[in-house]
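So the protein sequences, as listed, match chains D and C. If you use numbering that gives the first Met the number 0, the first sequence closes out at 339, no skipped numbers anywhere. If you use numbering that gives the first Met the number 0, the second sequence closes out at 275, no skipped numbers anywhere.
In case anyone wonders, no lab produced these hints; they're calculated from the structure. As the structure is a computational prediction, the values presented were derived from the model and not from experiment. Check each hint, because a few of them may be wrong.
[To be verified] Just some of the chain D residues that point at chain C, by a computed CB distance under 10 Å: (1) S68; (2) F80; (3) L141; (4) I162; (5) I170; (6) I190.
[Claimed, not checked] From chain D, some residues computed to sit far from chain C (all C-beta separations above 10 Å): (7) L88; (8) D113; (9) A115; (10) S150; (11) Q178; (12) L259; (13) D260; (14) F265; (15) L267; (16) D270; (17) R314; (18) L325.
The beta-carbon is built from N, C-alpha and C at its ideal position, and this holds for glycine as well.
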Amino acid sequence: MTSLIEPTQLNNSLGDDGILFVRNDSILDTMVKVPLLVASIIIAAALLPIQSSFSSPRDIDLTIYPDGSTHVLSEIDVDPFLTDYELNLFGNTIDNLVVIGDNEFLLDVDIIDDTALIQTFGSSVITIEYDIHDLVSKQGRLWTFSLDSPSDFTLLLPKNSAIVGMTNLPINMEIINDQNQLTLSSGPTEIDYLFSTNSISNLTEEIKNEEDNYLYIIIGGIISGIIVIVLVSVIIIVRNKQKNVKKIDQVVTIQKNNILDLETIFKLKSDLREDDKELVKFIFNNNGEALESELRKKFLQPRTTMWRAVKRLEREGVVEIQKKDLQNLVKLRKNMEEET
Amino acid sequence: MKKLAIFTILVLICGTTSPSLVNHAYGQNDPSILLRIAVQADKQIISELDQVYGNQIPNNIQILYDNGKKAVQSLDESLSNDDVEQAKQDFLLAMNSFMQISRTISHSSEQISQMTVSEKSNKQLSNELDRLVKYSKTLEKLSKKYNVSVESDFIKINQLVEKLQSQIDESNVNSDDIINQIKSILKSIKSDIHEAAVNQRSDRIKQLLNQLLDEINENLKLAETNGVDKIQIDIGNELIFEVKDMLSKNQIDDAKAAYYELKELMKNIGYPVIFR
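Chain D on its own, in the form it takes in the complex (with noise of 0.2 Å):
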């Protein structure tokens, strides 16, 4: 609470009545800051999948088995206001199909050589996956992958397969679960590979490694960043602390100089009840001042019965009251001495 407040003419001396003024100038900082903060949450937090989504390719999805079978999982948007539509598949050895549409709803699907009509009504977008057999072939130890892809397509390739040769330019590669996945563009692709038990282990270690360590370098800038975050807030913290403590420390001063002590309160008001005087001791032992509220949180007092007493010790000349923030503020009078 002390914070927030600050005498209006540090410098100047206080005026013969010895009221101290103070202002919140915090106010205006909480209400611009408090917004600017929330919009800066929302806008952090919004960014990370903002931005996963804008620049996510992902259309066709394949997995190569070690056998050379191939899994494809592929989302298509479809005009939902045709009842039907027509599918052209990578082959004819196909198993374990399965469409669904929206809501996750299981289409109907007739197969017609390496065609599928499926039953769309309504949907807009269509998920289907199904193995095929046709698209890896193999010759000795040599498997080749081929296909025409009507749009750019991941390719997972089995693990500790190793690449020895392609025909097209990969867009990206990641390693997934020790495997490499390779994002392709669309149109005709041939891609050869082998099963090395060594070779393959050392290029996933190597990107492995080059991950690694660009996950520390991230980490590293991450950390960097908090630290360097960390100390500016504390900078700032300490010299807040060290601005309120001064500014206390003169409103104290200030104060100390004008308030009296608490034996001369109680000799100049003896006839002080107790509780009253409870008061009085809790306000002076609160750098002279305290806010209603607080009172009755300390002495757990019903809002009545504390603006009783405090309406008593204004009564009495011992405190007088102020208007802070919608709140009592009590606060010991100053030359209640020569008042008396």
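Got chain D sorted already, so can you dock chain C onto it with the hints?
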């Protein structure tokens, strides 16, 4: 104001660090990837040549390899010079050379590198099992959506999968029967799900078609007002009536056929059913 400025700077710092995480996950066109793939392919090819030919590499293959190796070195240099276009060409040249070498080697070593029957069977079984497990999980998800009580079937499948897995691990390959059992249960589950989905699907189709028919009806009125041939309008109205009648009798396929006819008519008179 000073505090606000500092706070804004902090927000900007956070804002610039968080996207870097995302860019990593979806980073595209990172040319260093090309070098990594090419270098690895180079190493693999050296290993293959060593295994197959030892020190007696045929001349044609040696030429191909030299071309590939040069392309990899050039790729490295191109990347150092930030010449991405040249790097792409180098990459394709290198990978094409290595591809030709590996295909030549695979032709010549086909006999040597045959897998044993049991190795082949284990691998295929394991892969088939993986595929079936994946399919089973998809069906399990759907069965929950349609409240189809097939939990016991999935428990049975899990037991069979475990049994088969242990047989594969022990190289005790006599598992066609188990695979067939799993397939049979999955087929039955899918059939149950389809049955449960029929009613919902029928309702959904009716709802959609009725909605479309209402829109088409409005369009027909508009077309009539705008002076479109009365005969076409009448045909359209008749088709709407027919589709509704078929839907009420649950003749979904006939209703679909009539709807397509109506859709074509609307397109011909210049009031197509369009996605909104």
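For each hint, the structure was consulted:
no., hint, result
1, S68, "6 Å, holds"
2, F80, "5 Å, holds"
3, L141, "4 Å, holds"
4, I162, "6 Å, holds"
5, I170, "5 Å, holds"
6, I190, "9 Å, holds"
7, L88, "16 Å, holds"
8, D113, "19 Å, holds"
9, A115, "16 Å, holds"
10, S150, "15 Å, holds"
11, Q178, "13 Å, holds"
12, L259, "38 Å, holds"
13, D260, "38 Å, holds"
14, F265, "44 Å, holds"
15, L267, "44 Å, holds"
16, D270, "49 Å, holds"
17, R314, "43 Å, holds"
18, L325, "25 Å, holds"
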